[in-house]
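Use the sequences and the hints to build the structure in full.
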Amino acid sequence: MTTPALFIDNLHKRFGGLPATRDVTMRVAQGERRLVIGPNGAGKTTLFNQITGDIAPTSGAIYLFGADVTRLSPAQRAHRGIARTYQIITLFQKDTLEHNVMLALLGLSRRRFDILRPLSRFPDMRAAAREALALVGLDGAADRTVSALAYGEKRRLEIALALAQKPKLLLLDEPMAGLSLEERKSVKSLIASIPRTTTLVMIEHDMDTALDLADAVTLLHYGKVLVDGSPQAVISDPQTREVYLGV
Amino acid sequence: MSRASLILALTALVALALLPFYAGEYFINLASQILIAAIFASSLNLLVGYGGLTSLGHAAFVGVSAYVFAWLTTHAGAGPAVAAAAALVGATIVACVFGLVALRATGLGFLMITLAFSQILWGLAYRWASVTNGDNGISGIPRFSPFGLSLDGAAAFYWFTLALCVIAFAAIAAFASSAFGAALRGTRDEPRRMAALGHDVRLIRWITFVYAGFWAGVAGLLYVNYNKFIHPSAMSITNSAEGLLAVIAGGSGTLAGPIVGATLIMLLKNYVSAYVERWNMLLGFVFVAIVLIAPDGVIPGLRRAAARIRGGRK
Amino acid sequence: MQFWIIQFLNSLALGGLLFLLSSGFSLIFGLMRLANLTHGAFFMVGAYIGASLLRQRVVGMDLWLAALLAGIALAALGGLLERLVLRRLAGNSLGQVLVTLGVAFILSDACLLVWGGDPIPVPTPRALARPIFFAGLAFPTYRLVVIVVSVVVAVGLHALLERTRIGAMIRAGVDDMPIARAVGIRVSRLFTAVFCLGAGLAGAAGVLGGPIFSAYPGLDADMLPLALIVVILGGVGSLAGAFVGSFIIGAIYTFGSTLFPDLAYFILFLPMIVVIAYRPEGLFGRIAA
Numbered sequence: 001m002t003t004p005a006l007f008i009d010n011l012h013k014r015f016g017g018l019p020a021t022r023d024v025t026m027r028v029a030q031g032e033r034r035l036v037i038g039p040n041g042a043g044k045t046t047l048f049n050q051i052t053g054d055i056a057p058t059s060g061a062i063y064l065f066g067a068d069v070t071r072l073s074p075a076q077r078a079h080r081g082i083a084r085t086y087q088i089i090t091l092f093q094k095d096t097l098e099h100n101v102m103l104a105l106l107g108l109s110r111r112r113f114d115i116l117r118p119l120s121r122f123p124d125m126r127a128a129a130r131e132a133l134a135l136v137g138l139d140g141a142a143d144r145t146v147s148a149l150a151y152g153e154k155r156r157l158e159i160a161l162a163l164a165q166k167p168k169l170l171l172l173d174e175p176m177a178g179l180s181l182e183e184r185k186s187v188k189s190l191i192a193s194i195p196r197t198t199t200l201v202m203i204e205h206d207m208d209t210a211l212d213l214a215d216a217v218t219l220l221h222y223g224k225v226l227v228d229g230s231p232q233a234v235i236s237d238p239q240t241r242e243v244y245l246g247v
Numbered sequence: 001m002s003r004a005s006l007i008l009a010l011t012a013l014v015a016l017a018l019l020p021f022y023a024g025e026y027f028i029n030l031a032s033q034i035l036i037a038a039i040f041a042s043s044l045n046l047l048v049g050y051g052g053l054t055s056l057g058h059a060a061f062v063g064v065s066a067y068v069f070a071w072l073t074t075h076a077g078a079g080p081a082v083a084a085a086a087a088l089v090g091a092t093i094v095a096c097v098f099g100l101v102a103l104r105a106t107g108l109g110f111l112m113i114t115l116a117f118s119q120i121l122w123g124l125a126y127r128w129a130s131v132t133n134g135d136n137g138i139s140g141i142p143r144f145s146p147f148g149l150s151l152d153g154a155a156a157f158y159w160f161t162l163a164l165c166v167i168a169f170a171a172i173a174a175f176a177s178s179a180f181g182a183a184l185r186g187t188r189d190e191p192r193r194m195a196a197l198g199h200d201v202r203l204i205r206w207i208t209f210v211y212a213g214f215w216a217g218v219a220g221l222l223y224v225n226y227n228k229f230i231h232p233s234a235m236s237i238t239n240s241a242e243g244l245l246a247v248i249a250g251g252s253g254t255l256a257g258p259i260v261g262a263t264l265i266m267l268l269k270n271y272v273s274a275y276v277e278r279w280n281m282l283l284g285f286v287f288v289a290i291v292l293i294a295p296d297g298v299i300p301g302l303r304r305a306a307a308r309i310r311g312g313r314k
Numbered sequence: 001m002q003f004w005i006i007q008f009l010n011s012l013a014l015g016g017l018l019f020l021l022s023s024g025f026s027l028i029f030g031l032m033r034l035a036n037l038t039h040g041a042f043f044m045v046g047a048y049i050g051a052s053l054l055r056q057r058v059v060g061m062d063l064w065l066a067a068l069l070a071g072i073a074l075a076a077l078g079g080l081l082e083r084l085v086l087r088r089l090a091g092n093s094l095g096q097v098l099v100t101l102g103v104a105f106i107l108s109d110a111c112l113l114v115w116g117g118d119p120i121p122v123p124t125p126r127a128l129a130r131p132i133f134f135a136g137l138a139f140p141t142y143r144l145v146v147i148v149v150s151v152v153v154a155v156g157l158h159a160l161l162e163r164t165r166i167g168a169m170i171r172a173g174v175d176d177m178p179i180a181r182a183v184g185i186r187v188s189r190l191f192t193a194v195f196c197l198g199a200g201l202a203g204a205a206g207v208l209g210g211p212i213f214s215a216y217p218g219l220d221a222d223m224l225p226l227a228l229i230v231v232i233l234g235g236v237g238s239l240a241g242a243f244v245g246s247f248i249i250g251a252i253y254t255f256g257s258t259l260f261p262d263l264a265y266f267i268l269f270l271p272m273i274v275v276i277a278y279r280p281e282g283l284f285g286r287i288a289a
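Chains as they are written, first to last, in our numbering: chain A, 1 to 247; chain B, 1 to 314; chain C, 1 to 289.
A portion of the hints provided could be inaccurate.
Distance ranges between label pairs, derived from CB positions [said to hold, decoys possible]:
1) Asn136(B) / Ile5(C): 28 to 38 Å
2) Arg144(A) / Gly134(B): 55 to 65 Å
3) Asp62(C) / Ala56(A): 50 to 60 Å
4) Arg80(A) / Gly134(B): 53 to 63 Å
5) Gly156(C) / Asp189(B): 38 to 48 Å
6) Asp189(B) / Thr258(C): 43 to 53 Å
No wet-lab data here; the hints were simulated from the structure.
All residues carry an ideal CB built from backbone N, CA and C; glycine is no exception.
Written as structure tokens, this is what we have:
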């Protein structure tokens, strides 16, 4: 068996007295596409925040390709190949799309400590940024400012920032939230086109769209893993029906 | 930099370089003070405007640099060149240490910590009389004479200050427009995202803090050489606040803003203080007025007005 | 022995005064996310008002009445500042902090204009001027009284916060403002009330500190950083933090001044650095400043 891309071992997180993550153990294989579902407040985003290092777990450990990253900062984890998108859009509103993606590229480049040369002096990075924008169909809008974008375009830019980094593990936090049916289809095909060299973990409420992207599904409820397995197995599990589908 | 602003900057520079030929000594000295204040405000702008870190203790670095220079030249018999180097090293080291602690916080916490820090140094300058000569200050400080040139004349000192000022602005402008500067602005706008993208947010802020502290130290060096005297009030909250007001009034996060702001404030200080000795009160009123009326500063305000006029013509 | 007793009482008296000053600062910060840099000036204006009232020898005017009047005057001034200026900048915490700094400069210069540059001593109430003798040692009575007053105020504030309706509202606001709003607390009035309370406490503290410090230009700049350090140390919005922090800083400052007179100010760094490094939210704080 090969090393899993992501191995979460017995993770606990308490906020004050309230448990947000309880005894979560998860194994995501390399190249796998995992869907994480659960009702609001199930602890999905809290789990993501622990994987990226925004929040420190109370106990437990997180392994990335076999290496313990539990104590690493978010930036260090990004350098190990984790990238993420946000449920609440988190972009550099006053800057151009190209600048946004270049900041993503800069984060992993030694040039981020260059205090003399401006970004415009790096044509290779600029080309790479345009390439990433083309992936999400925004190459025509590279020079526009983010604040001028439509909501659906911002969602795609979120993904472009992450894809530009060519991550080994990509965490997508509700990439289709607030999108129209049409837009959801295009985001779906965008996600489907992500190469298998990138392992994917995705939180998504829209099961109809997300389910057939997934190799496996994890159901979280009150911070606990309730059901874990193939999409069909999870969907047909009575516990899923009870807590999530409300049947 | 656009072509127009480049031409504007060069014209201004030529006018400034020729100033001693058409202005009297009073104006030459006033211009020197404005240039020093402009360096100080520009260094602070890196933190306030580009980093989103509002410091109320930036004058501490002016004071440390000035006191190190004053003490070494008057008490330790060091030459001005050695003392100047030591002063900049001193200011930079203090910035390294302050930055480590103050940057544990952001926002109001950062502001409170930097204020407390600088007030502690200010109090130290008053009390540690055996070194700082307390409330009497240190006087009789010699000016440095680079390459054997005396800077005792108003014009000579002014030209020297202008030269250093050009270097300082170039260095600060390059820093702000660089790839690092782009990352710095990123940490101001979306620190969490920047961290997730692999940027070391605290390190970026710390490097900026130290760099800004160094250039404030350069301003302090010029300040002590200009006055040939140093007093604890150089580190007072009034001085930090003047710098901050220059940044905000001129427009934080723009390269020209702090220069404009520093000029306005120094002119105001010189002319109004000539008639009424109520500079602190006036400074207070200007603070309140700027925040309430022109919170994003004079330059963006003018630019908005200009855009409106241009838009009207079309 | 006598020397150390006096130093000890001095440190406690300074701690008590710092508590009167910083408890208001801390509550205002905790509730309104507003770093009120006018607080040192409120203290100084209080000291000057006290000095004036007592020197006018108004019939029946004693220190306590003067403290009460100064407290009321500054509460009114604080209320005006909050209603007329700070209110307009709601949500803009940087703008608010700059305005309070501007007002601090104005007040400080106004004091200089009105009362001049020389320190004005505030007489110790005659009944408290003589030390108490106990076991062959002299205890400065006024300082003992200041300590008792500050503890009484601390108990009173604690009771106000824990036992009354308005206290419950303040606590709710400090912990979670959106929730407090949502459950129908009239946040706007609460802000004004707390700001007045903090300003009033600072003004009264200025009068009580008068016999110890007297009123002088720069008193504001001496007191504000001490209050900031207390709050950084104790944690914003926490009464217990302000209390413990005040006495720690009072002790460090007093004994520091005695043992290392040159470096007393510098020693204040140490507790601050330790706390910021290991507990950025302060000893008793729940929120990072």
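Status of each hint after checking the structure:
no. : hint                              : verdict
1   : Asn136(B) / Ile5(C): 28 to 38 Å   : holds (34 Å)
2   : Arg144(A) / Gly134(B): 55 to 65 Å : holds (59 Å)
3   : Asp62(C) / Ala56(A): 50 to 60 Å   : holds (56 Å)
4   : Arg80(A) / Gly134(B): 53 to 63 Å  : holds (55 Å)
5   : Gly156(C) / Asp189(B): 38 to 48 Å : holds (45 Å)
6   : Asp189(B) / Thr258(C): 43 to 53 Å : holds (49 Å)
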